[in-house]
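Participant: Got chain C sorted already, so can you dock chains A and Y onto it with the hints?
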Amino acid sequence: MMNPRDVEHIALLARIALTEAERDRMGRELSAILEYVKTLDALGLENEMPLSHVHEDFAPPRPDAPRLEACLPRAEVLAQAPEADETSFLVPPVVDTR
Amino acid sequence: MAYETVLGLEVHIQLATKSKLFCACPNEFAGEPNTRVCPVCLGLPGALPTLNAGAAAMVARLGLALGATVHARSIFARKNYFYPDMPKNYQISQYDLPIVTGGALDIGTSEAPRPIPITRVHLEEDTGKSAHPEKHGDREETRLDFNRCGVPLAEMVSEPALRSPDEAFAYLTALRRLVRWLGISDGDMEKGSLRCDANVSLRPVGQEAFGTRSEIKNLNSIAGVRNAIAAEVLRQAELLDRGERIVQATLLWDQDKERLQVMRTKEEAHDYRYFPEPDLPPLLFSAEALAAETRALPELPLARARRFEKELALPAYDADLLTDARDLADYFEETVTAGAPAKAAANWIGNDVLRTLKETGGTLATFRETLPPKRLAALLVLAAGGTLSSKLARDLFAILLVEKGEPAELAQKHGLVQESDTGALLAVAEGVLDANPSVVADFLGGKDKALSFLVGQLMKQTKGRANPTVAQEVLREALGRRGAPR
Amino acid sequence: MSRPLWQESASTIADGVDKGTLAVDDVVRAHEEVAAAWEPHVHAYLTRVPGGIRPDGSADKPPGRKLLNGVPVAIKDNLCTKGVATTCGSRILEGYLPPYDATVVRRLKAHGAVIVGKTNLDEFAMGSSTENSGYGTSRNPYDVSRVPGGSSGGSAVAVATGSAAVALGSETGGSVRQPAAFTNLLGLKPTYGRLSRYGLVAFASSMDQVGIFSRSASDGARTLAALSGHDPLDATSLPGPALDFDALDLGEGAARGLTVGVPRALLGEGLDDDVAEGMRIVEAALKAAGATVRDVTLLPPSSWVATYYLLATAEASSNLARFDGIRYGLRKPAGNVLDLYRETREAGFGAEVKRRILLGTYALSAGYYEAYYGKAQKARRRIQQDLTAALEGCDALLFPTTPTPAFKIGEKADDPLAMYLSDIFTIGANLAGLPALSVPAGFTGGGLPVGVQFTARAAREDLLYRLAAALEHQLSDPMERRWPTKPS
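In the order they appear, the protein sequences are chains C, A and Y.
Here my numbering is used: the first residue of the first sequence is 1, the next is one more, and so on.
Here my numbering is used: the first residue of the second sequence is 1001, the next is one more, and so on.
Here my numbering is used: the first residue of the third sequence is 2001, the next is one more, and so on.
Misleading hints may appear alongside valid ones.
Below, in silico cross-link-like pairs of lysine-lysine (DSS-like), each with a Cα-Cα straight-line distance of 30 Å or less [stated by the list, open to error]:
id, chain 1, residue 1, chain 2, residue 2
1, A, K1404, A, K1447
2, Y, K2332, A, K1129
3, A, K1447, A, K1358
4, A, K1391, A, K1460
5, A, K1343, A, K1358
6, A, K1460, A, K1404
7, A, K1463, A, K1343
8, Y, K2061, A, K1018
9, A, K1358, A, K1191
10, A, K1191, A, K1135
11, Y, K2082, Y, K2066
12, Y, K2332, A, K1135
13, A, K1257, A, K1217
14, C, K38, Y, K2412
15, A, K1018, Y, K2082
16, A, K1343, A, K1257
17, A, K1391, A, K1358
18, A, K1018, A, K1135
19, A, K1257, A, K1374
20, A, K1447, A, K1310
21, Y, K2061, A, K1129
22, A, K1079, Y, K2332
23, A, K1079, C, K38
24, A, K1343, A, K1310
Okay, the calculated beta carbon distance ranges per label pair [said to hold, decoys possible]:
id, chain 1, residue 1, chain 2, residue 2, range
25, A, D1254, C, E56, 49 to 55 Å
26, Y, D2273, C, Y36, 24 to 30 Å
27, Y, R2003, C, D24, 53 to 59 Å
28, C, R67, A, E1238, 54 to 60 Å
29, Y, E2370, A, E1140, 42 to 48 Å
30, A, T1212, Y, L2338, 26 to 32 Å
31, A, Q1261, C, A42, 40 to 46 Å
Quick caveat, the hints were computed from the structure, so don't treat them as lab data.
Owing to the predicted nature of the structure, the values given are computational and were not obtained by experimental measurement.
Glycine included, every Cβ here is placed at the ideal spot set by N, Cα and C.
So that you can see chain C by itself, here it is in the shape it has in the complex:
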C-alpha cells in the first residue's frame, strides 16, 4: 500500500529527510496501520455527518481591543532563536515558492 515512492512524497510534504532504512521501515509499518484502518468501512458511514468539534458550547468571539501588554519584549522573542541579529530571525536565503 505504501511503497517507498509514496513514503518519499509524504516525507517531502512533511519536510522530514528520512534515511533509506527509515523510509523502508515506515512503508511497512504504515501499510500495516492503514490495513487495520479498513475496519471503519464496516460501519456504513456514507450518510454520516463529519464531526469537527465535540461540543457546540463556545464563548462568543473576542471584541476588537488591542493590548500592547500582550506583546512579548523583542529580546525575549529573539533569545530562543537559533539564529538572529538584534532585530530579526535569520534564515538561509528565501526563494519564493508560494
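Facilitator: Below, chains A and Y alone, put in the same frame as chain C:
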C-alpha cells in the same frame, strides 16, 4: 485571430482592525521588527488563536455592500504548507464554507452598470515579512519580521468576468473606494493594504471553453495591474498566433522594467491538505447580528451619487467626484443641508477645497475643523445672494481658513462686501467719467466696448467691491446724462 | 504528624499551610528527598526545580479561596512553564524556555501550589509507555522492569512514589488514565474544554486535555476545582465557572442512588484475568455503596482505535509543522530553507513522532482525504452518539482502563500497532469529548496495580469523583494505600 481576454482578480484586503485577527497584539506592523508579536502570532508551542469579532463584522459589512450572501455559519480551515514567514507552517484561512459567497462589484456608471460577479470573500491571517537576502558575514541570510503575522485579511475572489486591462483598473478603483467608504481598510496598494493577483487567459472570440491561464503576482499599483495584464495579453496572443501552447505559469511583474518574468511553471501544485481548524469554533452570524450590520451599512457610493443627481440635480461628473470618498460626500451633503446651493457647493468643494487639501497635504478631517460645513455654507450663501462677487468670495475663503469668525462679519471687517448701493456708486461713477473724458467721448461716439474700461476703472476705484452688474448700470446712467451714444 | 509529609494528602497539606501549622519549605523539602531517592530507579523528572517554583506575588488571584496552598505539584513537560525548560520529551525542543506560563500553570500558582518539576513523557505525548521520550524512559515504581504507562508516565511516577502530591499530565488517547491504572492512582481526563489548553503543546487539538493524577478522589477534585473555569485565551474552553469543590459530596453515601452501566460485550474472553477480577471487585463495591449496576451495549471499540489514529495523527502532522529550526529549538544548519526544515526535523524527531506525522500527512493528502480523514470524522460522530446514548440511562459507564496491567519495557516497542491497541479502552472518551476517571481496582498476584474507569456525560466530573470516593470508603482508604517499595 481575434481573442477575448478573460480576467479574474484575487484581492487581499488588509482589514483596519485595532488588534490582530487571532490575538490581541495591536494591528500595527510598520514599526521596529518583531515588537508586535506574542505567543499566538509567533506560533509558539502551546499558543491558541481567538477570533477578533471586529474583523468578522468587517467582512460581513463588505459582503452586504456587495449584495452577497453572508452565511450564518462558516468554518475556519488550516492551509498547510511550509514557508519561513509563516510561524505555524499553516495559515488559518477558510476553505469549504467561507463567510461570503456571491454578490457583485459594479464598475460601471448609473447609466451603464457593469456588475462583476464575485465568487467568494473569506477571512485569513496575514504572514510575516521576509527581507531580500543580505550578506551576514560570509553568508547570505534572509531576515524575518513577524509583526505582520496575524493581521486580518479579507480575500476576495472575482469570477473570471473581467474582459480588459481597463476593466481590471476600474475594478480595483471601485474596490478601493468601497473598502475606504465602509471604513474597513485604507485600500492602498502601494502600502500593501490592498494586494492583487491577476489570472489571465485568452480564448478565440466565440469559444466557450477557457484557455490556459497564467497568474501574475507582485503587482504594486492599480496602474501596474493594468500594464501587467496588457503585457500578458500581448504575450499570450503572440504565442497563440504562432500556434504555440500556453503553459500554465506564474509570472512576476517588474514595475521598474515594466515587464513580466516567469517565476515558475505550475506543474508542482501545492497540496495544502485543508482540514477544519479544531482550535476555532464555527463563525456564527445570527439573523439579528446581520440585520444590525445591514442597518449600520452606510449609503453606498453609487447609490449616493445617483441620489445627488436626482435630488440635488447635480451633473453625473460632479456626483461622481463628490462620492469618491465618504467623508467628502458627507462634507458636501452637510454643506447643502446647512443652506448652500447644491451646484455651488459642488463647485467649491470639487475645486477649491480639494485643491487646498492637495496643496497643503492635509486631510479633510482636519480641514473641516477649520471650515465646518455650516461656515462654508454661509460663505456660499453670501456669494449666491450677490453680496460678494466670485473674486471676493475666493478672497473670503482664504481668510476663513486663517481667521475665526462668521463669514458675514469677516467680509465686513475686511471690506469685502460688495457695494451694490446705487447712490454710493453713482458718486464714484461720476468721478470715473470726469477722469476719463476721452473714453467717455469714445463711448458716446458709438464705441460700446469703452464701457468695460470704465467698469474696470470703477472696480479699481472701489477696490473690487462694487457689484459689477450694478456698476455697469450706474455708469450707463451717468453716461446717459452726459449725452446719448450715437 | 503520624506519617511522613510526603504521604499526606493535598487537603491536609493545604489546610496545614493555611492554618500555619505546616511550613511550605518543610513540605517541599520532604518531597524533594523522595524525588532524589527514587530518581535513579525511575527517572520521572526531566527538570527538578530546587525549592520548587513558588507562586509570585503578582500571580492572578483565584476567584474563591486558595485550594492548593503549599501543595507540591509535578507537571508534564509538554505544559509551558515560563523560563523553565519545556522539551515535550523531544530533542527538537532541547533547551527551549517558554516566555509564558500555560493557563493551568498560572492557576496552580494562583492557588498557592508549588511546582516541583517537569516530568518525563513520550515525545510530544505520542505513546503509551514513556519509552518514546527523547530523554530516556521512566520506570514503573511497582516494578522497575515495567513501563509506568504513557504518555504521562513521569507525572504518574511522581505521585505514585510521593515526590508530588498531585501531578498534571495530558490526555489525547488515554495518556493519563492508562498510566494511572498502571501505578495505583486516580487519573482524570476532564470533559473536552473543561481545562484550558492554552500553553499545552498541541498534539491533537480536538482531543487534547490537561489531566490530573491524584492518590484520592478528594485531591483530584480539589485540583480540578482550582484549574477549571473558562479561559478567554482558549476558544474551545467551555464557558462557565470552575467546579465547586465545597459543594461536592465525597462521603460514604456519595454513590447512593447512582446508576452505573457496564458494556458486557467489551469484557470478552480475551480479557486479562486480573483486569476481570478488578471489574468484579469494583462492581460489588458499587452495589454495597448503594449504586445500581446494569448492562448496556456499546459499539466494538476496534473502530475507536482506527478513528483515533487517523484523526489524531492528521492534527498532529499539522501541529508539529511549527518545529522547523527557525524560531526556537534545534536547528541543523543548511544552505537553503528546504534542507533546513528537512534536516532539522529528521534529527529532532524520534521514530514514533515521524511515523505519526507521516501517517497524518497521508490521511490529509490530496486524493486520500475522504477515504481516511473524512471517513474518520464520520466515524467519530457515530462513536460520540453511541457513547452518549449508552449514558442516557445511567450516570456513568464502567469498564476496564487497560486490557492488561503494566507491560515490560521493550515488550511492545517494535510493534507500533500492538502499542496502539493497548489504548483500546481509553480512546472512546477522547473521541467523544467526555470526562473519564481511572480508579485503582486492586493488584495482581505479582503486585502490579490494576485500574478500571468511569465515563460520564459532559461536564459531570462531579459524578466521577463521587463514585471514586464511594469506592474509597468501601475498598481502601487512600491513606492506607500500598506504596511502591524502592529497589535497593
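Participant: Next step is simple, just say for each hint if it's right about the structure.
Facilitator: Okay, the hints, checked on the actual structure:
no.	hint	in the structure
1	A/K1404 x A/K1447	violated, 47 Å
2	Y/K2332 x A/K1129	holds, 23 Å
3	A/K1447 x A/K1358	violated, 45 Å
4	A/K1391 x A/K1460	holds, 13 Å
5	A/K1343 x A/K1358	holds, 22 Å
6	A/K1460 x A/K1404	holds, 28 Å
7	A/K1463 x A/K1343	holds, 28 Å
8	Y/K2061 x A/K1018	holds, 29 Å
9	A/K1358 x A/K1191	holds, 19 Å
10	A/K1191 x A/K1135	holds, 26 Å
11	Y/K2082 x Y/K2066	holds, 21 Å
12	Y/K2332 x A/K1135	holds, 20 Å
13	A/K1257 x A/K1217	holds, 15 Å
14	C/K38 x Y/K2412	holds, 22 Å
15	A/K1018 x Y/K2082	holds, 28 Å
16	A/K1343 x A/K1257	violated, 45 Å
17	A/K1391 x A/K1358	holds, 21 Å
18	A/K1018 x A/K1135	violated, 36 Å
19	A/K1257 x A/K1374	violated, 50 Å
20	A/K1447 x A/K1310	violated, 47 Å
21	Y/K2061 x A/K1129	violated, 39 Å
22	A/K1079 x Y/K2332	holds, 26 Å
23	A/K1079 x C/K38	holds, 27 Å
24	A/K1343 x A/K1310	holds, 13 Å
25	A/D1254 x C/E56: 49 to 55 Å	holds, 51 Å
26	Y/D2273 x C/Y36: 24 to 30 Å	holds, 26 Å
27	Y/R2003 x C/D24: 53 to 59 Å	holds, 56 Å
28	C/R67 x A/E1238: 54 to 60 Å	holds, 55 Å
29	Y/E2370 x A/E1140: 42 to 48 Å	holds, 43 Å
30	A/T1212 x Y/L2338: 26 to 32 Å	holds, 28 Å
31	A/Q1261 x C/A42: 40 to 46 Å	violated, 55 Å
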